[in-house]
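Participant: Residue numbering for the sequence shown follows UniProt numbering, starting at 1 and increasing by one per position.
Some clues are possibly wrong.
Taking lysine-lysine and the DSSO-like style, the derived pairs with C-alpha atoms no more than 30 Å apart in a straight line are [what the hints assert, rightly or not]: (1) LYS141 - LYS193; (2) LYS229 - LYS192; (3) LYS274 - LYS229; (4) LYS193 - LYS274; (5) LYS84 - LYS114; (6) LYS84 - LYS141; (7) LYS192 - LYS141; (8) LYS346 - LYS367; (9) LYS193 - LYS229; (10) LYS114 - LYS141; (11) LYS346 - LYS368; (12) LYS274 - LYS192; (13) LYS192 - LYS114; (14) LYS84 - LYS193; (15) LYS141 - LYS229; (16) LYS114 - LYS193; (17) LYS141 - LYS274.
Rather than coming from a laboratory, the hints here were simulated on the basis of the structure.
From a predicted model like this one, the values you see are computed outputs, not experimental measurements.
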Amino acid sequence: MIQRNPVNEHHMTLMERMRVLSEGTKYDSCNQSAVCHAFGPDGRCIQLYKTLMTNSCSGECTYCPNRCGRDSVRASLSPEEIVKITWSFYRRNAIEGLFLSSGVMGDSERTAEKQLEVARLLRGQGFTGYIHIRVMPGTPKYLLEEIADCANKFGVNAETTSSLNYSEICPNFDYQNDVLQRLQWTRDLINKKRRDAGSRGRIIGANDTQFVVGALQESDREIIGTVEKFMDQYELRRPYFMSFDPVPFTPLENNEPSPQWRETRLYQTSYLLKDYGLTANDLDHVLDDNGFLCNADPKMLLASCRPDMFPVDINSASRDELLTVPGIGPVGANRIMQSRPIASEKELSRMGIVLARARPFISINGKKQTNLFSFAGVGA
């Protein structure tokens, strides 16, 4: 490794440190910007200031730009500085809360203590905004319990699909104990908070985690199966996916990047699992012989390979049948069920149905505009 003289963080301005630490959250559920988004139980988008406490890290994750020993610009923010910055953005209505992650400061316990200090300072000063804390693998249970008292949402990243894969990319931690056990504790704490009248109406976010897509050779079939298992065992609401992008001066610097579209297609399959009631086995139909997705909308592919199911009559179909139609989601299906009888496509359009996608797969009172076989050039 070529060593360079890194910039001393003591010579950096606050704005320079903020920029470095926002960029350093690339592998924490969001892209490289100072703002990311969470979603409330009602689907409302919540805008958050996103930062690491520090990008100095004792971990040796093979894909990560912040890994221990890598020659890079290091920076940190004190709990008091993060609190001050958060309040500044919040009072200007630029954000509605804070997304806080960090490099591992020696060990997971010390890191969680510092993250908890930020949350406690904010709450102690009357901050009522949203706080999302990304905890480190191996965070002790007692600290998760205390974080749960302050944060709206918290969770640990799984990164991959198995203990064997995890040992390759995150050698400092144990998948079963440091990750899966924490996902279980988080699930239990979230459920307890939702039952606890003492939460005083505070939004309690669902369990979540993240996968780095393409750092190893795991197939989309493996990822989809793991997501389904996590939804069942840990009540995972939404997985996040981050496409692997090789970083210079890391062990994986010569690996191929993962295409951005793969991340997008995995998000779409996760919606089919959670919101449409499909199973991982159902999605086998849209995977190639090696278990990978192609760059096409998986719901459209599923519909196209089952022509015997279509067209679906808008006025007589069950909700489950409506959900098989591209362009009709759960909200649209509910509106159709509540608004029948429907006489025209114009009515469907007013309900938010995407007719350009739905038209080949539906009929209205037995009449259809086109059929599946004459519909050429179906796109994602």
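Participant: With reference to the structure, classify each hint as holding or not holding.
Facilitator: Against the structure, the hints:
1. LYS141 - LYS193: holds (15 Å)
2. LYS229 - LYS192: Satisfied, since the Cα-Cα distance of roughly 22 Å is no more than 30 Å.
3. LYS274 - LYS229: Within the cut-off at roughly 12 Å; holds.
4. LYS193 - LYS274: With Cα atoms ~22 Å apart, LYS193 and LYS274 stay inside 30 Å; holds.
5. LYS84 - LYS114: holds (15 Å)
6. LYS84 - LYS141: Roughly 28 Å between the alpha carbons, so the hint for LYS84 and LYS141 holds.
7. LYS192 - LYS141: With a Cα-Cα distance of about 14 Å, the restraint between LYS192 and LYS141 holds, given a limit of 30 Å.
8. LYS346 - LYS367: holds (14 Å)
9. LYS193 - LYS229: holds (23 Å)
10. LYS114 - LYS141: It holds: about 15 Å lies between the C-alpha atoms, which stays within 30 Å.
11. LYS346 - LYS368: OK: LYS346 and LYS368 at ~14 Å, within 30 Å.
12. LYS274 - LYS192: holds (22 Å)
13. LYS192 - LYS114: This hinted pair holds, its Cα atoms lying about 24 Å apart.
14. LYS84 - LYS193: holds (28 Å)
15. LYS141 - LYS229: Distance ~23 Å between LYS141 and LYS229 Cα, so the pair holds.
16. LYS114 - LYS193: holds (22 Å)
17. LYS141 - LYS274: holds (28 Å)
Of the numbered hints listed earlier, not one is contradicted by the structure.
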